[in-house]
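A.B. asks: On the provided structure of chain L, position chain W as indicated by the hints.
Residue numbers (my numbering), protein chains in the order written: chain L, 1472 to 1832; chain W, 1472 to 1832.
Treat the hints with care, as some may be off.
Remember, identical chains collapse to one label, so a pair may be satisfied in a single copy or spanning two.
[Unchecked claim] Lysine-lysine pairs mimicking DSBU-like chemistry, simulated, CA-CA at most 35 Å apart:
#1 1736 - 1747
#2 1594 - 1702
#3 1702 - 1656
#4 1594 - 1747
#5 1736 - 1656
#6 1583 - 1702
#7 1583 - 1680
#8 1582 - 1680
#9 1753 - 1594
#10 1576 - 1680
#11 1582 - 1594
#12 1680 - 1736
#13 1576 - 1753
#14 1736 - 1594
Since the hints were derived computationally from the structure, they do not count as laboratory data.
Protein chains: 2
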Amino acid sequence: MSRSFNFCSGPAALPEAVLKKAQAELLNWHGAGVSVMEMSHRSSEFTSILESAKARLTRLLDIPDNYEILFVQGGASTLFAQIPANFVTDHKTVCYLDTGAWSAKAIKEAKKYADVIVSGSTKEQNYTTVPSWEELNLDPNAAYLHITPNETIGGLEFDDLPETDLPIIADLSSTILSRSIDVSKYGMIYAGAQKNVGPAGVVICIVRKDLLERSDNEALPSTWSFANLAKNNSMINTPPTFAIYLADLVFEWLEALGGVEAIEKVNEQKAARLYKAIDGSKLYSNPIDVAYRSRMNVPFVLADESLEQTFLAESEAAGLRTLAGHRSVGGMRASIYNAMPVEGVEALIEFMRDFESRYGA
Amino acid sequence: MSRSFNFCSGPAALPEAVLKKAQAELLNWHGAGVSVMEMSHRSSEFTSILESAKARLTRLLDIPDNYEILFVQGGASTLFAQIPANFVTDHKTVCYLDTGAWSAKAIKEAKKYADVIVSGSTKEQNYTTVPSWEELNLDPNAAYLHITPNETIGGLEFDDLPETDLPIIADLSSTILSRSIDVSKYGMIYAGAQKNVGPAGVVICIVRKDLLERSDNEALPSTWSFANLAKNNSMINTPPTFAIYLADLVFEWLEALGGVEAIEKVNEQKAARLYKAIDGSKLYSNPIDVAYRSRMNVPFVLADESLEQTFLAESEAAGLRTLAGHRSVGGMRASIYNAMPVEGVEALIEFMRDFESRYGA
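Chain L with its partners taken away, still in its complex shape:
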């Protein structure tokens, strides 16, 4: 069987060119005589990989000098606790937007460390839209405002940032590198790698340097302190070296394609075509406010729920892999990250049309 079109929400598809390069040098990286997996993290070879990844990411996102790039272990879910643990010092409160399942998880962890003000929530609208920026309840003395600009499960995405003087901390796990952003508007960005960056096992963090001072705190676990990670170039202990290497290869691939601006156009096209197919159908539908539909994660339900298992079995057989929605919500979900080629989206649309013609009312 050849390679499938892989719609998994994460760990997600990687560019085939990246996997082929990793495969070619898996036993012997650049003549070093060893795999990247077998190198000391403090070797000149691995250090060159780490520095390359940082330099490429800096170029791709135009990261200003007053930010540090950190590679952190544990997954974004660990960061949900690690962020308040780092930044709640003299502050008593933290502000969170509640726009979906991942916001809610971040809020749950933050409550272990601070008084959480839910500054705005669309839970009562089933998370189908975002709160009004004008009506947010923001505490000017809070440590930060946390937002989740892409809700991977619900399929909601927003680009505009709330107006506030609080440092904005954003979980960009699913959208990093998929669209242009102005890094200078954020206090901190973090993103689990396993969507648009590389394999699971590392979180990309971009932190404004002035905020790091708050986390220079001897009471924190050594490997949790962002200040300590920055001082040690993400190598307090052995980092997940192979995941960082894959990230560097993905960044290289993206630069060769023309960078974030280039892939953003492709992502707009892919999402537009898929939503058009959904909206033009009687079988499929997507509940999210059109202005806030995610370009990366496209959930849809079938008018006749009893067809779901047939849809999943037939799509899988057609080489369209992992289209089931998140176990907490059911339905379907097509995650179409950077590594999903236009042809994959076209094949999905073609399959959906054919399926509807055979099973639709």
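C.D. replies: Frame of chain L; chain W shown alone:
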């Protein structure tokens, strides 16, 4: 250039057969149409890998039914904090043996969570031996006794466990699967993968189930609670899937070789030959009490320190990679984990003899 003999202390050499298998199936695992790196961690394919890894490890170490195997992110250094955070509940104290640099780091992190009793220390002997078990200062009400049976930097290893009713928690990062152990004597074993198990990015934990109850604590970060990890089969969030897959391949390789008993004999031979070469030389020496010399990490110094850089440059050129000692102590160190073939140790000994004949006094 062909593959080197790699003496790195970690990330360490992996079995070539394992790397070749991973290479062959890197783009398409068992006809699934995707790389292991691209699979949902909740897919039937990845679940089968995780269960295979657990079953193989259970067989290899003869793990009793009343233990849970966990795959934890963050590295053993994160566990240094996570362990007291999990187990210090009604207990006020924890006991630690101080037998080297890694013990000392574990103690430093534990102090953030509990009153640490250093039950025995050989710091004054430069960590060249172990404390007398009879003279340990053990608090019967402590939460546990933490030990580091292999000090990777100093090159010290001990096999005998102290007599105590306290649950023994052991950092076996460098020795797991290198020698037979009786798991039932431990409360918890943990080991960073990047020595004898797989690539960096995952820690293997084996925890006695009755101890897990203590960590069923809502105040802990969700991804830190061992109880929560056990309930969720190590998948509270996305685990480092590729590292777990490599671990499964390493376990498979070890089973095919005849298991821990078989590799232990090889490891004894390799270490005996190398120490014999050191002891029989006028140029090289190792300071550790002969009874407690590590089979895995063999540090040695040159009588003439000014030869160190020449030794490192020439050994590297001879395909003997990463022989420098830890940056904190200098000198040389040959790490000869399971994946180091006998031929690698023989090549090193041959090189050392030749070097001595050319540069020795």
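A.B. asks: The structure should be examined with respect to each hint, and the outcome stated for every one.
C.D. replies: Outcome of the hint check:
1. 1736 - 1747: within (16 Å within a copy, 65 Å between copies)
2. 1594 - 1702: between (40 Å within a copy, 28 Å between copies)
3. 1702 - 1656: Within one copy only: 23 Å inside, 39 Å across.
4. 1594 - 1747: within (26 Å within a copy, 70 Å between copies)
5. 1736 - 1656: within (22 Å within a copy, 60 Å between copies)
6. 1583 - 1702: Answer is both: 27 Å inside a copy and 20 Å across each meet the 35 Å cutoff.
7. 1583 - 1680: Close inside one copy (25 Å) and across copies (25 Å); limit 35 Å.
8. 1582 - 1680: both (25 Å within a copy, 28 Å between copies)
9. 1753 - 1594: within (27 Å within a copy, 75 Å between copies)
10. 1576 - 1680: Both, since 26 Å and 27 Å are each at most 35 Å.
11. 1582 - 1594: within (18 Å within a copy, 41 Å between copies)
12. 1680 - 1736: within (31 Å within a copy, 52 Å between copies)
13. 1576 - 1753: Answer is within; shortest intra-copy Cα gap is 34 Å, inter-copy 62 Å.
14. 1736 - 1594: within (31 Å within a copy, 61 Å between copies)
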